[in-house]
Amino acid sequence: MKKIAYIFTSCITLFLLLSCESTQIEKQSEVLQSQQAGLEIPVKSEAELFEESLNGIKLSVVSAPSPIIAGNAFKKPYTIAVTINEKPAASFPLIIKFPQSKEKGIPVFSEVSVKTDENGNVSFNPENTDFSCDSYIAVAPDPKSTDSEVIAVAKKYEVKSDFKIKTKLRSNGIISLVDYNLSEKPLADTLSSSLLLKDLMKKGFTSIGNFDIPRNILSTSDGIYKYVHGIVGNSVSFLVYGTVKYATPIIQENGLYKCTLAGRISCMNLKTGEILYTTEKTATAIESVDWKAINSAREKLSEELGQAINYNL
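In the numbering used here, the protein residues as written are 1 to 313.
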């Protein structure tokens, strides 16, 4: 009887010991999990860290040069100021993006890394200005990374300024624009050519005039070059030719007339036949009479085309 009681007591003791050990293991596991959870630190991305480093940073364009004619140097540099919490940020890294050249009428951009001086300023004067351009210069914090998210953060702080260089082909040119009526038929007069001629002369172009090109050869640049060059030879530097058409029918609404014209032009080097520039512009005018709306739209369009030629030819 004592033996049975001993065995029973031993079993109970063993059960209790195993239960306590199991409970301790469970508690230890819970503690470990709790500790691990408490030690978890969120890992910030490269972009988040970069944005934190820019807290309080502000960029501003202090001064910018006026437009120049291609081949000349800018009369003064671009000056950019950087502040942090409204105080000068010395030795702050920046990246400057600017047009370095032009290919097929499109600006080709380059980038340069610089740092601000002790006053938080940086000056920049592009070296190559031997091309016409109507674009911009952009300055932003240097991300020093190729990560797209980091670059996107830098662009939030980016500032821009005009980068304008006028064409140096400013004389010995001819213009031939063909006006079309609402029925898509070419007109005999040269209203748009004359208005564009007038606008370019205001912008400083000299020795330019109108020139009539037969309508049946306007479809190909080769045909135009052979015809015009055969008449003027090398005495003329460039040709501006194209069409001016109604983009939409004239709209009458609330007693007013709305006219939208579309002009498509090409600029050709008459020495070589090369197409230097092609563009399409639209202009809209609203007047109390339909013919006034047409005339106003034609004048606005000539100004748009003249501006494009001035900075892109």
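None of these hints come from the bench; they were simulated from the model. Watch out, some of these pointers could steer you wrong.
[As the list claims (entries may be wrong)] As a list, the in silico DSS-like pairs of lysine-lysine whose alpha-carbon atoms are at most 25 Å apart: (1) K76 - K198; (2) K271 - K226; (3) K168 - K58; (4) K281 - K300; (5) K271 - K203; (6) K198 - K87; (7) K168 - K292; (8) K87 - K144; (9) K58 - K87.
Subject >> Hint check against the structure, violated hint numbers in rising order >> reply: 1, 3, 6 and 7
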